[in-house]
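Peer 1: Sequence:
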Amino acid sequence: MKFTYLLINLACVFFPLVLSFDKKVHFVSKWKFAFPAIGITGLVFLVWDLLFTRLQVWSFNPEYITGPALMGLPVEEMLFFLTVPYACMFIYACLDAYFPITKKDRFSLPLSNLLMGLCIAMIFFGYSRWYTLINFAFLFVVLFFVEYLNHSVRFMAAFYRAFLVSLVPFYIVNGYLTAAPVVLYNPAERSGMEVGTIPFEDHFYLMSLLLMNIYLYEVFKKRAARHGTA
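Just so you know, the UniProt record's numbering puts 68 at position 68 of the sequence shown, and the rest follows in order with no gaps.
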């Protein structure tokens with residue numbers, strides 16, 4: 001069905017968009033922070049996506065896309081960088097509104113250090129595979145920056161919690177995208193490890209995407225609060 005990927009994008013964002021007007025979360029009031037974060041991050045990942053499409057790291061099944069594309073990148077894939085980050089940032093905001101973290105964060109830095117260690121190991125063993133190499137190198141850089149070079153906002157405990165919750169829709173959506181398959185992966189450019197039909201690397205691709213979005217979102221929020229425009 002030609003509209004499959006488009007409908008998946010719309011399904012991802014429908015309920016978060018409708019529920020953005022919830023009185024307690026009122027995510028609509030945070031659009032001025034969320035959309036710039038999504039736009040900047042989306043541009044970075046679009047370049048990555050275009051490069052990987054050109055290198056044939058992955059491709060898209062023409063049976064499940066409508067047809068319009070930019071340099072081989074379907075419009076549905078470009079929408080992915082709007083709908084999925086929006087939905088996950090909404091989850092992040094909901095958890096923060098209903099279950100604020102009040103205890104001192106003692107666990108996020110050790111967890112980030114473990115993840116950076118995993119990144120180094122995956123780069124070492126998968127340096128000849130484009131998806132493995134770029135994916136874990138990018139995540140390492142973002143994690144290192146947020147944990148060790150960023151002194152403006154601290155949010156990693158809330159981020160990890162939101163990421164874990166986001167894995168539920170991730171397994172549903174990405175499970176279908178990879179099982180149908182809507183997205184076709186070149187087996188020579190990834191580790192070969194999978195969770196069901198989902199490449200191992202996809203979990204950390206999602207983590208990088210969300211971490212960059214939420215970091216920028218928090219930076220824009222703090223900047224607005226400092227200038228009294230929040």
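If you are wondering where the hints come from, they were derived from the structure by calculation, not from laboratory data. Any given hint could turn out to be false.
[What the hints assert, rightly or not] The list that follows gives simulated cross-link-like pairs (lysine-lysine, DSS-like), each with its CA atoms no further than 27 Å apart:
1) 103 x 2
2) 222 x 2
3) 32 x 222
4) 103 x 222
5) 104 x 221
6) 103 x 23
7) 221 x 2
8) 24 x 104
9) 30 x 103
10) 221 x 30
11) 104 x 2
12) 221 x 23
13) 104 x 30
14) 24 x 221
15) 103 x 24
16) 221 x 32
17) 23 x 222
Peer 1: Does each hint fit the structure? Answer for all of them.
Peer 2: Here is what the structure says about each hint:
1. Between residue 103 and residue 2 the CA atoms are separated by roughly 48 Å; this puts the pair beyond 27 Å, and the hint is violated.
2. At roughly 42 Å between alpha-carbon atoms, residue 222 and residue 2 are farther apart than 27 Å, so this suggested pair is violated.
3. Between residue 32 and residue 222 the CA atoms are separated by roughly 12 Å; this keeps the pair inside 27 Å, and the hint holds.
4. Proposed proximity of residue 103 and residue 222 is supported: the alpha carbons are some 20 Å apart, at most 27 Å.
5. As the CA atoms of residue 104 and residue 221 are separated by approximately 21 Å, the hinted pair is consistent with the 27 Å bound.
6. Proximity of residue 103 to residue 23 is assessed by CA-CA distance (about 25 Å); at most 27 Å being required, the pair is judged to hold.
7. Note on residue 221 and residue 2: the hinted pairing is violated, with a Cα-Cα distance of about 39 Å set against a maximum of 27 Å.
8. Between the alpha carbons of residue 24 and residue 104 the distance comes to roughly 24 Å, so the proposed pair stays at or under 27 Å and holds.
9. Distance hint between residue 30 and residue 103 is fulfilled; the C-alpha atoms sit about 24 Å from each other, no more than 27 Å.
10. Between residue 221 and residue 30 the alpha-carbon distance is near 8 Å, which keeps this suggested pair within the 27 Å criterion.
11. Distance hint between residue 104 and residue 2 is unfulfilled; the C-alpha atoms sit about 49 Å from each other, more than 27 Å.
12. Note on residue 221 and residue 23: the hinted pairing holds, with a Cα-Cα distance of about 19 Å set against a maximum of 27 Å.
13. Only pairs whose Cα atoms come within 27 Å are accepted, and residue 104 paired with residue 30 is accepted, the gap being roughly 25 Å.
14. At roughly 17 Å between alpha-carbon atoms, residue 24 and residue 221 fall within 27 Å of each other, so this suggested pair holds.
15. Restraint check: the Cα-Cα separation between residue 103 and residue 24 comes to about 21 Å, which is no more than 27 Å; the hinted pair holds.
16. This hinted pair checks out: residue 221 and residue 32 have alpha carbons roughly 9 Å apart, not beyond 27 Å.
17. Distance restraint check for residue 23 and residue 222: the Cα-Cα separation of roughly 22 Å lies within the 27 Å cut-off, and the hinted pair is therefore satisfied.
When held up to the earlier numbered hints, the structure conflicts with 1, 2, 7, 11 and fits the remainder.
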